[in-house]
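One line per chain: the protein sequences are H and D, in this order.
Per this note's numbering, the very first residue in the first sequence carries number 28; after that it's consecutive.
Per this note's numbering, the very first residue in the second sequence carries number 28; after that it's consecutive.
Treat the hints as calculated values from the structure; they're not laboratory data.
Please note: incorrect hints may appear among the correct ones.
[What the hints assert, rightly or not] The following label-pair restraints were derived from C-beta to C-beta distances:
no.	chain 1	residue 1	chain 2	residue 2	range
1	H	P456	D	A333	44 to 50 Å
2	H	P456	D	F236	45 to 51 Å
3	D	K98	H	K131	30 to 36 Å
[Stated by the list, open to error] Coverage of chain D stretches by chain H, computed from C-beta distances (three or more under 8 Å per stretch; other residues unrestricted):
no.	stretch
4	68 to 79
5	312 to 326
6	331 to 340
7	397 to 405
Even for Gly, the Cβ is constructed at its ideal location relative to N, Cα and C.
2 protein chains.
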Amino acid sequence: MSSLLWKVIVLVTIIAPVIGYNNPCCSYPCENNGVCMTKGDSYSCDCANLDFHGKHCEIPTFTKKIKLFLKPNFETLHNLLTSYKWLWNIVNKVPFLSNYVMKKVYTIRSDMIDSPPTYTSEHEYITKEAYFNYSVYTRTLPPVPKDCPTPMGVWGKKELPPAEDIVKAFFVRKEFLPEPIGTSVLFPYFAQHFTHMFFKTDLKKGPQFQWGGHGVDASNVYGKDRDSENNLRSFKDGKLKSQMINGEEWPPLTSDAQVPMGYPKGMEKSQQYAMGHSFFGLLPGLFMYGAVWLREHNRVCDILKAEHPEWDDERLYQTAKLVIIGETIQIVIVDYVKHLSNYNFDLIFNPELLFDEQFQYQNRIALEFNHLYHWHPLMPDEFNITGTIYALKDFMFHPEIVVKHGLSDFVDSLSKQRAGMFGPHNHGPYTVPVVAELIKHGRTLRLQSFNQYRKRFDMKPYKSFEALTGEKKMAKQLENFYGDIDAVEFYVGLIMEKRRANSVFGDSMVQIGAPYSVKGLMANPICSPKYWKPSTFGGEVGFNIVKSSSIRKLFCDNIKGKCPLVSFRVPDYVEGDVDQFLKQKLEL
Amino acid sequence: MSSLLWKVIVLVTIIAPVIGYNNPCCSYPCENNGVCMTKGDSYSCDCANLDFHGKHCEIPTFTKKIKLFLKPNFETLHNLLTSYKWLWNIVNKVPFLSNYVMKKVYTIRSDMIDSPPTYTSEHEYITKEAYFNYSVYTRTLPPVPKDCPTPMGVWGKKELPPAEDIVKAFFVRKEFLPEPIGTSVLFPYFAQHFTHMFFKTDLKKGPQFQWGGHGVDASNVYGKDRDSENNLRSFKDGKLKSQMINGEEWPPLTSDAQVPMGYPKGMEKSQQYAMGHSFFGLLPGLFMYGAVWLREHNRVCDILKAEHPEWDDERLYQTAKLVIIGETIQIVIVDYVKHLSNYNFDLIFNPELLFDEQFQYQNRIALEFNHLYHWHPLMPDEFNITGTIYALKDFMFHPEIVVKHGLSDFVDSLSKQRAGMFGPHNHGPYTVPVVAELIKHGRTLRLQSFNQYRKRFDMKPYKSFEALTGEKKMAKQLENFYGDIDAVEFYVGLIMEKRRANSVFGDSMVQIGAPYSVKGLMANPICSPKYWKPSTFGGEVGFNIVKSSSIRKLFCDNIKGKCPLVSFRVPDYVEGDVDQFLKQKLEL
Numbered sequence: 028m029s030s031l032l033w034k035v036i037v038l039v040t041i042i043a044p045v046i047g048y049n050n051p052c053c054s055y056p057c058e059n060n061g062v063c064m065t066k067g068d069s070y071s072c073d074c075a076n077l078d079f080h081g082k083h084c085e086i087p088t089f090t091k092k093i094k095l096f097l098k099p100n101f102e103t104l105h106n107l108l109t110s111y112k113w114l115w116n117i118v119n120k121v122p123f124l125s126n127y128v129m130k131k132v133y134t135i136r137s138d139m140i141d142s143p144p145t146y147t148s149e150h151e152y153i154t155k156e157a158y159f160n161y162s163v164y165t166r167t168l169p170p171v172p173k174d175c176p177t178p179m180g181v182w183g184k185k186e187l188p189p190a191e192d193i194v195k196a197f198f199v200r201k202e203f204l205p206e207p208i209g210t211s212v213l214f215p216y217f218a219q220h221f222t223h224m225f226f227k228t229d230l231k232k233g234p235q236f237q238w239g240g241h242g243v244d245a246s247n248v249y250g251k252d253r254d255s256e257n258n259l260r261s262f263k264d265g266k267l268k269s270q271m272i273n274g275e276e277w278p279p280l281t282s283d284a285q286v287p288m289g290y291p292k293g294m295e296k297s298q299q300y301a302m303g304h305s306f307f308g309l310l311p312g313l314f315m316y317g318a319v320w321l322r323e324h325n326r327v328c329d330i331l332k333a334e335h336p337e338w339d340d341e342r343l344y345q346t347a348k349l350v351i352i353g354e355t356i357q358i359v360i361v362d363y364v365k366h367l368s369n370y371n372f373d374l375i376f377n378p379e380l381l382f383d384e385q386f387q388y389q390n391r392i393a394l395e396f397n398h399l400y401h402w403h404p405l406m407p408d409e410f411n412i413t414g415t416i417y418a419l420k421d422f423m424f425h426p427e428i429v430v431k432h433g434l435s436d437f438v439d440s441l442s443k444q445r446a447g448m449f450g451p452h453n454h455g456p457y458t459v460p461v462v463a464e465l466i467k468h469g470r471t472l473r474l475q476s477f478n479q480y481r482k483r484f485d486m487k488p489y490k491s492f493e494a495l496t497g498e499k500k501m502a503k504q505l506e507n508f509y510g511d512i513d514a515v516e517f518y519v520g521l522i523m524e525k526r527r528a529n530s531v532f533g534d535s536m537v538q539i540g541a542p543y544s545v546k547g548l549m550a551n552p553i554c555s556p557k558y559w560k561p562s563t564f565g566g567e568v569g570f571n572i573v574k575s576s577s578i579r580k581l582f583c584d585n586i587k588g589k590c591p592l593v594s595f596r597v598p599d600y601v602e603g604d605v606d607q608f609l610k611q612k613l614e615l
Numbered sequence: 028m029s030s031l032l033w034k035v036i037v038l039v040t041i042i043a044p045v046i047g048y049n050n051p052c053c054s055y056p057c058e059n060n061g062v063c064m065t066k067g068d069s070y071s072c073d074c075a076n077l078d079f080h081g082k083h084c085e086i087p088t089f090t091k092k093i094k095l096f097l098k099p100n101f102e103t104l105h106n107l108l109t110s111y112k113w114l115w116n117i118v119n120k121v122p123f124l125s126n127y128v129m130k131k132v133y134t135i136r137s138d139m140i141d142s143p144p145t146y147t148s149e150h151e152y153i154t155k156e157a158y159f160n161y162s163v164y165t166r167t168l169p170p171v172p173k174d175c176p177t178p179m180g181v182w183g184k185k186e187l188p189p190a191e192d193i194v195k196a197f198f199v200r201k202e203f204l205p206e207p208i209g210t211s212v213l214f215p216y217f218a219q220h221f222t223h224m225f226f227k228t229d230l231k232k233g234p235q236f237q238w239g240g241h242g243v244d245a246s247n248v249y250g251k252d253r254d255s256e257n258n259l260r261s262f263k264d265g266k267l268k269s270q271m272i273n274g275e276e277w278p279p280l281t282s283d284a285q286v287p288m289g290y291p292k293g294m295e296k297s298q299q300y301a302m303g304h305s306f307f308g309l310l311p312g313l314f315m316y317g318a319v320w321l322r323e324h325n326r327v328c329d330i331l332k333a334e335h336p337e338w339d340d341e342r343l344y345q346t347a348k349l350v351i352i353g354e355t356i357q358i359v360i361v362d363y364v365k366h367l368s369n370y371n372f373d374l375i376f377n378p379e380l381l382f383d384e385q386f387q388y389q390n391r392i393a394l395e396f397n398h399l400y401h402w403h404p405l406m407p408d409e410f411n412i413t414g415t416i417y418a419l420k421d422f423m424f425h426p427e428i429v430v431k432h433g434l435s436d437f438v439d440s441l442s443k444q445r446a447g448m449f450g451p452h453n454h455g456p457y458t459v460p461v462v463a464e465l466i467k468h469g470r471t472l473r474l475q476s477f478n479q480y481r482k483r484f485d486m487k488p489y490k491s492f493e494a495l496t497g498e499k500k501m502a503k504q505l506e507n508f509y510g511d512i513d514a515v516e517f518y519v520g521l522i523m524e525k526r527r528a529n530s531v532f533g534d535s536m537v538q539i540g541a542p543y544s545v546k547g548l549m550a551n552p553i554c555s556p557k558y559w560k561p562s563t564f565g566g567e568v569g570f571n572i573v574k575s576s577s578i579r580k581l582f583c584d585n586i587k588g589k590c591p592l593v594s595f596r597v598p599d600y601v602e603g604d605v606d607q608f609l610k611q612k613l614e615l
């Protein structure tokens, strides 16, 4: 016998049983969300309750086949929704059509999310924990089994390239790249202030742990627990504590409302404002949103009290809070997601469209949702507030800037300043460590590859690095790092993916992010039939505040005098105005 | 002017505004679950999303009118289900028919429960807390507003009779009253061991607080938290720690598994067994169930390991746990609820029947469910274990009795001994303080009246005390206590209600309890389409263990040698055998 054959025999008969069984599920052989289960060295795909069968759940049922045939692909849908303005002008004006389209948006998006949740970061299979343990983020795809040949299963190298190298090669901003569809800085701050109510990683316990309420609970306004809430409340007429400065209403100081805030040591006491989220005093943009919601809450209390003079403080407070949650969802859909989608279709918030659908009114924040929502490239390096330029370092930890300029001038300025492009080479210096850590967390928690997530969310996996980036230079670099397109990491893929025409993001961010977003918004309990009625919001008055809310109203109802510019798009935007510039810069 | 008129004017113009507004919602004017909302001194009923309209939501829609006309009342349904044995023999054998009936049972029952949950014990209106606060029991009906004229709204006296007086007059057992449909003592212990996994009141914080997982999570077997779980696990082949005594497998001692158990001081260390629930060592009946589930878990692990030699301890453990949860639900439906219902229809556990329904896979334990599940009258005063008679005081705190007799003899004996009748004059001495406290909690938490719950669960409110009790003597006494039939308390009403023919309980216990029960069982995540598949349970082997489980198999698969009697009904039961005796005793 040759020595090679001897070696193989030794390996197979002696070493392999010591190492253990090979895990055939590492190559993810089951298609269409079939569940791979090992049995000794072999495996089977569980296709139960899917519209597919066959050894690998690869064969669609007859009905599914027809559905797949009729289903337009998402590129076609996206093009349809972002073009044909004349068509959408009609649809937007005919409630029957508009409701039909919106219902489709709700159901198609939210059907992508498993509810009840199925996985956690701890096990690569279903466990009791997935539903009953609220202290962890859920997982849409389970972690890569620990016994797989490579971190991504079977693809790529045995070890991933150092996260710092990836960040350095692809993420670091050399020159500010402006956002191509004219997004204003008001937008990323909205994203940040909104998502901070449910992205609450409990890093002391580990990156898979969280301590939030898994949804839109307005905890960024009202505080993280009962104790904080009580300290923020005035206990009079339902209102939150506030103070008047220069004739405007602002959050109280921590000396008047003892809540834990994340201020650095040595920060002046007179600038330590108390807010629902410990982070909201650190960035003026977040402070601005915190302040406007505070004003809105107190304004709603006044309206409810006029309607219900018999109500006590508690009822006014609790009901105003439900109105604020409703307004938040309304604004997120009609203004925020509308801008993000760049659709010509006017998105609407109408929970009644789901009343006759199979829809689960429960939500769990997914780790993947948290990861994909790291949109730091949208943040500029400096801020122009009515002509005064603040470098980021002079902006951070200075909430008093907002007070000094006043809410009107501040929001006007953020609306006029352009945000940064989401994509490569656009992470500012302060956000670089954050993103490096994010990538490391993804590795610790064994996130599946970017292409696996593409498949999970009904997209075709990329076949080449060039197909991913849409160019050659970065594609080549990426290939050097990862070796295999199927080994590209989740967040790296999202950043490096070529942008859709007329869009803030590439395909994957939208196809993966929108389902989490729509599900999270519409699965809120206030959208369920027992909640979505006038009495929940203090009667028609409160219900109408929810239904007519907008980002513009939110500010202008709470600013005395002339209404400033309140817009997620800068006023001087012209379609395609920076396309050439970006093309040139990214090719450098 | 007369002095009386003066008094009235003074009262109305001076005192009333000081006291505040009268709350017109105290008389619960809105029908059919319409929501009453005050507006100054007046009110309105919010009928949104109901099948009723009108000032008091009293007018059904046309479709609803037809449905109501066609809908058989529950007495008719109950009679149908408990008679016509020949008919049900056919239905039980034809899957199409059997599935149809079972689907109706699932949907009609669970539709009665608001999901997502709507109220807590803190507010008489919808708040954000109702969904987002997991640390309290939910409430099906909100508490009576604090500003109402009487504890029940507008009915009855300003003060309720002392709880002790009620207990003394109606609850205290003078002589043991046997259960009329032949229920064995195996049954109440099943009830107790099962419900203790989700009735976990956090009395230190208050009777509205709880620390459980709001559902069937098998925490009574595996421990209340990760720390307890880890202490109970052997970390070998997925198994739980155990010890062999007399050739049988029993729970380990707390010296070998450090988990908090509720043993009294001075109890011998050699009898301090460690189990998933701190209470399970205190009563031999609970100890027996704890022991059999321990054996079953370890037995399932062996089967799974044979099927999956490649699985590690963790996967065997987690998967066996899901099998145990599945078995629990199966046994509860096919054996436990089947006995309780006394239907001739064989109840089945088939989650697939709900896959095309609008069904919420989420559950919240209601305070009312906890209150109604106080079934202490079923417990006898003494226990006959193969001829040895143990008084309750010699039985409590003596888990070693089970070990001494062995599992086979113990379960055999419990199956042969008759449980007590649920109803008046049948609370044993040890349970009297528990029920007195329960009534006080109901008052602290301002539970609405028994008749309000009747209406909420689609029953007509009782018009007289005699209609409630079905006799005159207790009815008269009750009237003296409460003054008004609409002021009878929730738990008191459940105990005092006349029993249905051929049934363990009166109408209300079944009509109110069954919805909570069915909802809680079928809303478990394992019943949802992404969970209910072979791979979740380790393949067809594990799936079949779940689907073929029964109370008899549970014991006999885990007892060496001859299978003892395992039955929720005593073997010597003859229909109606104690009816005369009970009639006579209750008239005394």
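Now for the hints, and whether the structure bears them out:
no.	hint	in the structure
1	P456/H to A333/D: 44 to 50 Å	58 Å, violated
2	P456/H to F236/D: 45 to 51 Å	47 Å, holds
3	K98/D to K131/H: 30 to 36 Å	34 Å, holds
4	68 to 79	holds (count 5)
5	312 to 326	violated (count 0)
6	331 to 340	holds (count 5)
7	397 to 405	violated (count 0)
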